[in-house]
Amino acid sequence: MLLIHCPYCDDTLPELEFAYAGEAHIARPSDPSELSDEEWRDFLFIRSNARGVHAERWRHIHGCARYFNALRDTVSDKFLRTYKAGEPRPDTSVQEAVK
Amino acid sequence: MTHFSAMSLLKNAFTGNKNWSAQWPDAQPKTEYDVIIVGAGGHGLGAAYYLAKEHGITNVAVIEKGWLGGGNTGRNTTIIRSNYLYDESAGLYDHALDLWENLSTELNYNVMFSKRGVMMLAHNIHDVQSFQRHIHANRLNGVDNCWLTPAEAKEFCPPLNIASDARYPVMGAALQKRAGTARHDAVAWGYARAAAARGVDIIQNCPVLSIKRGPDGAVEGVETGKGFIRAKKIAVSAAGHTSVIMQSADLKMPLESYPLQALVSEPVKPVFPCVVMSNTVHAYISQSDKGELVIGSGTDQYISYSQRGGLPLIEHTVAAICEVFPIFNRMRMLRKWGGIVDVTPDRSAILGKTPVKGLYVNCGWGTGGFKATPGAAHTLAWTVAKDEPHVINAPFTLERFTTGRLIDEAAAAAVAH
Chain A
1 MLLIHCPYCD DTLPELEFAY AGEAHIARPS DPSELSDEEW RDFLFIRSNA
51 RGVHAERWRH IHGCARYFNA LRDTVSDKFL RTYKAGEPRP DTSVQEAVK
Chain B
1001 MTHFSAMSLL KNAFTGNKNW SAQWPDAQPK TEYDVIIVGA GGHGLGAAYY
1051 LAKEHGITNV AVIEKGWLGG GNTGRNTTII RSNYLYDESA GLYDHALDLW
1101 ENLSTELNYN VMFSKRGVMM LAHNIHDVQS FQRHIHANRL NGVDNCWLTP
1151 AEAKEFCPPL NIASDARYPV MGAALQKRAG TARHDAVAWG YARAAAARGV
1201 DIIQNCPVLS IKRGPDGAVE GVETGKGFIR AKKIAVSAAG HTSVIMQSAD
1251 LKMPLESYPL QALVSEPVKP VFPCVVMSNT VHAYISQSDK GELVIGSGTD
1301 QYISYSQRGG LPLIEHTVAA ICEVFPIFNR MRMLRKWGGI VDVTPDRSAI
1351 LGKTPVKGLY VNCGWGTGGF KATPGAAHTL AWTVAKDEPH VINAPFTLER
1401 FTTGRLIDEA AAAAVAH
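Taken in order, these protein sequences are the chains called A and B.
Under this note's numbering, the first residue of the first sequence carries the number 1, and numbering increases by one thereafter.
Under this note's numbering, the first residue of the second sequence carries the number 1001, and numbering increases by one thereafter.
These are calculated hints, taken from the structure and not from any lab test.
Take these hints with a grain of salt, some might be off.
Below are the SDA-like pairs computed for lysine to any residue, each with C-alpha atoms no more than 20 Å apart in a straight line [unchecked claim]: (1) 1252/B - 48/A; (2) 1252/B - 37/A; (3) 1115/B - 1102/B; (4) 1252/B - 26/A; (5) 1252/B - 44/A; (6) 1232/B - 1353/B; (7) 78/A - 1337/B; (8) 78/A - 1313/B; (9) 1353/B - 46/A; (10) 1252/B - 36/A; (11) 1252/B - 40/A; (12) 1226/B - 1209/B; (13) 1252/B - 24/A; (14) 1353/B - 42/A; (15) 1232/B - 1199/B; (16) 1252/B - 22/A; (17) 78/A - 1312/B; (18) 1336/B - 75/A; (19) 1336/B - 77/A; (20) 1232/B - 1216/B; (21) 1065/B - 75/A; (22) 1252/B - 45/A; (23) 1252/B - 52/A; (24) 1177/B - 1114/B; (25) 1252/B - 46/A; (26) 1252/B - 51/A; (27) 1353/B - 1213/B.
If we take Cβ atoms under 8 Å as the criterion, some of the chain A residues that face chain B in the derived model are [said to hold, decoys possible]: (28) 1; (29) 16; (30) 19; (31) 20; (32) 37; (33) 38; (34) 41; (35) 45; (36) 46; (37) 51; (38) 54; (39) 76; (40) 77.
As the structure is a prediction and not an experimental result, all values here were calculated from the model.
Even glycine gets a Cβ: it sits at the ideal position worked out from N, Cα and C.
Please work from the sequences and hints to get the whole structure.
Right, here's the structure in full:
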């Protein structure tokens, strides 16, 4: 069971309280009508699917119900950091991810 | 290669089974091949076999990071069925089922394909309507599938609990009689043996690190743990790691990789005659010929390459199995494991050419790739040999995510499948 830190509740709680919500930092196009088919494909369907550090959204659905972001290593499933929605992706070196 | 027959079994029995020879050599890489296949699972080995047998291309290497059949081929719940909703899927999976029926004879290797029937339980009105729609669509496509009342379902699978006050009431079931199971290891071994006999090199413990492209954009070969190997055609059949490998050829894939778990019980005498799937409570169950109950669970909600998966899913699945089959509520579970499945946005596979010259891909099978093994391998070999898709895999393009011509089995099944 993953233990996930909610940055709003400031508490580390079991995975069952949370819902995964896909990759983070994917901005909705500001001018949708101008997008080509390839750009729509990239926005809708192409994800980094990172093997290593992955920035992703989680929702504390059985708690404060708010969305936040997390950096997690997808090989070890270890959470490196969680941070509030709207904050930029924290800079983590590769060395930190390996630990 | 020894031809297996009743006579060869008898002969070796009398000589204490000491004279069996290795089924395929442990090949070391040559510097160049006509075709390199990345990933020695059932799909990759099968593609090598059909390349050699049907297209006469024998200068082929299958390169595997770990051991042969040690990925999702060795980690699935071995369910084989073809009752998919859309025409494209029905065509592909039924083609696979046709090949399954003669696979043991074709490979001279017993893959233990057993048409014991796959029964999908309907627990609510939505399930009933959805399954009946599937049955009608299947029958229009020539795919067998029929509706059972709760009593008929109980007759087909006696351990089933059809009490009206059950936590998950059974309101009926869809039964594909032609569906069933096969022995997963034997599928990989059978294809490996038959491919190696035709000259294919199977190179294990050799990770493919990257795909190299030339100045004209076409593929030149692969960088591996055992050095650079040249090839003008490369087919990637690497399941959960496909997107990582494709990225090295500058191709971003519409894939996400999730852990999918399964577990087996202690072995018991034959008690469970068929395969039962419940999409609503997300539990699959059958009994292997060894006697273990083989139980399939769902994918974790987050992407991962850990090959483990979380315990809450197993707990949920086992709880559901105990509700639907109270007979099993004191069974002890022996072990559980996870595989990494690559899931596409529409839950249908990507099988065919890519924008990169000489690069082919077979991926995106999600939680249901085992059943497609012979069909995927057969059509992939066709596509690689002729550099054009077979009519059966033609709709399963990578371009459909640009054109919007999706094969949306995700919406049709409402669950991973």
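Hint residue 76/A vs chain B: min CB-CB distance below 8 Å?
holds (7 Å)
Restraint status (C-alpha distance of residue 1252/B to residue 26/A at most 20 Å)
holds (15 Å)
For residue 1252/B and residue 51/A, compute the direct alpha-carbon distance and say whether it is at most 20 Å.
Roughly 14 Å separates the two Cα atoms, so the pair holds.
Hint consistency between residue 1115/B and residue 1102/B [alpha-carbon to alpha-carbon, up to 20 Å]
holds (12 Å)
Given residue 46/A was flagged as interface, is its beta-carbon under 8 Å from a beta-carbon of chain B?
holds (5 Å)
Quick one, are residue 1353/B and residue 42/A close enough, alpha carbons at most 20 Å?
Roughly 19 Å between the alpha carbons, so the hint for residue 1353/B and residue 42/A holds.
Assess, step by step, whether the Cα of residue 78/A is no farther than 20 Å from the Cα of residue 1312/B, and give holds or violated.
holds (17 Å)
Status of the hint placing residue 38/A at chain B (closest C-beta pair under 8 Å):
With Cβ-Cβ at 6 Å, under 8 Å, it holds.
Would the hint linking residue 1353/B and residue 1213/B be met if the CA-CA limit is 20 Å?
holds (16 Å)
Chain B contact restraint for residue 1/A - C-beta distance below 8 Å
Hint holds; residue 1/A Cβ to chain B Cβ min 6 Å, cut 8 Å.
Verify the proposed pairing of residue 1252/B with residue 44/A, using a straight-line Cα cut of 20 Å.
It holds: about 13 Å lies between the C-alpha atoms, which stays within 20 Å.
Going straight from one Cα to the other, do residue 1252/B and residue 45/A come out at no more than 20 Å?
The hint holds at about 10 Å.
No hint from the list above goes unmet by this structure.
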